[in-house]
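All chains, full assembly: derive it from the sequences and hints.
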Amino acid sequence: MPVLIILVAAVGIAILGVGYYLVFGVGSVSEQGLRKNFEASLDKKLLETAKKSAGSVQEVLLAVPADIEQVCFFSHDAEFDQYSSLKLDGVAENLKSSNGVLFQGDKIYPLQLSSLEVQKNPECIKARNGKITMRLESTGSKAVVKPIDEKDAAIDCTTVYYSGDPNYKLDIVFLADGYSGEKFADDVNRYVLNAFLATEPFKGNIGKLNFYRVDKEAALGCTTDAYIICDEFLVQQHAINCPHDYIIVLHNRNKAVDIAKPLRSSSLGNVAYVNTADDEFVAIHEFAHIFGKLADEYIDDDFYAGFDAKGSPNCDDNKCRKWVSVAGAGCFPGCTTSSFFRSVDTSIMRDYSRSQQFGPVNEEVLEGGIEVYG
Amino acid sequence: MRLGAILIFTAMLALLSGAAEEKVYVVLLHYDSEGFTVREVQVKDGYAPDRKMQQGSLKAELISEQSKVIYGFNFEVPLLLFTDTAQGGKMKGSVIKLNETDFVLVVPFHEKASLRIQDGETSYVTPLSPESLTRRLVRMGLWLAAGGVLFIGYMFVRKRFNEEEPPNTGRQENPYQMPPGQY
Chain A
1120 MPVLIILVAA
1130 VGIAILGVGY
1140 YLVFGVGSVS
1150 EQGLRKNFEA
1160 SLDKKLLETA
1170 KKSAGSVQEV
1180 LLAVPADIEQ
1190 VCFFSHDAEF
1200 DQYSSLKLDG
1210 VAENLKSSNG
1220 VLFQGDKIYP
1230 LQLSSLEVQK
1240 NPECIKARNG
1250 KITMRLESTG
1260 SKAVVKPIDE
1270 KDAAIDCTTV
1280 YYSGDPNYKL
1290 DIVFLADGYS
1300 GEKFADDVNR
1310 YVLNAFLATE
1320 PFKGNIGKLN
1330 FYRVDKEAAL
1340 GCTTDAYIIC
1350 DEFLVQQHAI
1360 NCPHDYIIVL
1370 HNRNKAVDIA
1380 KPLRSSSLGN
1390 VAYVNTADDE
1400 FVAIHEFAHI
1410 FGKLADEYID
1420 DDFYAGFDAK
1430 GSPNCDDNKC
1440 RKWVSVAGAG
1450 CFPGCTTSSF
1460 FRSVDTSIMR
1470 DYSRSQQFGP
1480 VNEEVLEGGI
1490 EVYG
Chain B
35 MRLGAILIFT
45 AMLALLSGAA
55 EEKVYVVLLH
65 YDSEGFTVRE
75 VQVKDGYAPD
85 RKMQQGSLKA
95 ELISEQSKVI
105 YGFNFEVPLL
115 LFTDTAQGGK
125 MKGSVIKLNE
135 TDFVLVVPFH
145 EKASLRIQDG
155 ETSYVTPLSP
165 ESLTRRLVRM
175 GLWLAAGGVL
185 FIGYMFVRKR
195 FNEEEPPNTG
205 RQENPYQMPP
215 GQY
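Line by line, the protein sequences are chains A and B.
Going by the numbering used here, the first residue of the first sequence is number 1120, and it counts up by one from there.
Going by the numbering used here, the first residue of the second sequence is number 35, and it counts up by one from there.
Treat the hints loosely; a few may be bogus.
Quick list of in silico lysine to any residue cross-link-like pairs, SDA-like style, CA-CA up to 20 Å [what the hints assert, rightly or not]:
hint	chain 1	residue 1	chain 2	residue 2
1	B	Lys-86	A	Gly-1487
2	A	Lys-1265	A	Glu-1178
3	B	Lys-124	A	Gly-1487
4	B	Lys-131	A	Thr-1456
Beyond 10 Å from chain B on every Cβ pair, some chain A residues (computed) [unchecked claim]:
hint	residue
5	Glu-1150
6	His-1195
7	Lys-1245
Hints were generated in silico from the structure; no laboratory data involved.
Quantities reported herein were computed from a predicted structural model and do not represent experimental measurements.
Glycine residues also receive a C-beta, built at the ideal position from the N, C-alpha and C atoms.
Structure below.
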């Protein structure tokens, strides 16, 4: 009988303990207090800064509960970048009377802050070890909030070029491998401007394309023995930070190093792995492999034994029937292997120093793909 | 009063936790001559490709608990790895034809969905929802509780059974023991 009583008591205590934790533990007094303190203190600091002359700056460090992940500030009056923060997507518009929010796992705690202004909308800042550091800058009437260190900025996805709703557009996301600092953003701009926006059919269909980049650092498990290839599982888990149909991984490589030890770019599935020491057109070439299923138009019989042109819209037998109706297309020997034929003498799929165009057949194939997008 | 406060607090928590995030399954698959196997499944916040380009002869479908197709698309296993370099603008490289590969499908999240891959006549079905830690703990707790109840029941029955047995004389006869004095 005593055993029974002890067991019943133990089970009862355990149930009561779990129940108490579930009801009271989540919103414990100390956590609520810390959150309220954070809101009140920040509101006061914003007001102080706003009263100072324009350009005045102060750095603040405020405590938050240890499991707060980030704070986001936003404005309902300015244009909102809905892809910048996965957590904030769909949340900010429902919080009409708030202009900030604390994130704690799946829970959100809205903030109401006077005198707040944002330059980036939203501006999200990571919490580290139970504290958040911010730079407040006065505009003369309001205070702009920014992270002190860019590494503290909690941005999931940065929109590089936006033409419309990603549900209807061709979305291309750039990921970084081997970068530090600002260079990645510059490189992405270079690839978008000098390659995609300079080459047909992408140039003429720019209204159907969105470009994004993920600035957050992440190990992608890349190897660079003879060509770049990364762990696709890690790549895809990183790419989901942005809307995407296709992924371009930029591998940061010094040109001098590349001359000494050339490294090939590559493509597999919906991912292109690009060596940045190469010209931007190599990225376009790789993208044509994954997007248009275009084969190489240069010849290397040693490597391509067993190649079958059936699956490649830009290689055919000596009759070139695949593109017989395409104006300006010819029939030139050599397409991946010497047994097959291509439609133009040269193109980006063969030698971009002689032609920085795809040629009519390849353009038609790529355009057919882009047309699927609104 | 106390109960009312708890109810209001619980309702507020439920409201606050309703963040409208998109979730996706990131499914790592292996393909070889034997067919497809699922290596790992992750559920994450994020975006899945819209798959407007339906390329490939294979079909992937998300199947609901009620066996309804809730999402589907065509795809192909990525078996051609193009590798390219440029020397003065002239492209050079090779294509590597893979016989087996690991590849990833990112699909929208649906609670308790299964993934069906249709390869001609053959289909492969695998459940995607990884059992959450909470659910596992609850299940483990239930098993422990059930075990505890059974144990208590057993103890109770055994005690009652012992009580109904004839009183023990305190001495057991050992048939193999020789009576004293017979050595």
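Hints, verified against the model:
1. B:Lys-86 - A:Gly-1487: 12 Å, holds
2. A:Lys-1265 - A:Glu-1178: 10 Å, holds
3. B:Lys-124 - A:Gly-1487: Given pair B:Lys-124, A:Gly-1487 is violated - Cα atoms ~27 Å apart, limit 20 Å.
4. B:Lys-131 - A:Thr-1456: 15 Å, holds
5. Glu-1150: Consistent with the label, A:Glu-1150 stays out of reach of chain B, its closest Cβ about 12 Å off (over 10 Å).
6. His-1195: 16 Å, holds
7. Lys-1245: At about 16 Å from chain B, A:Lys-1245 clears the 10 Å cut-off, so the statement holds.
In summary, the structure is inconsistent with hint 3 from the numbered list given earlier, while agreeing with all the others.
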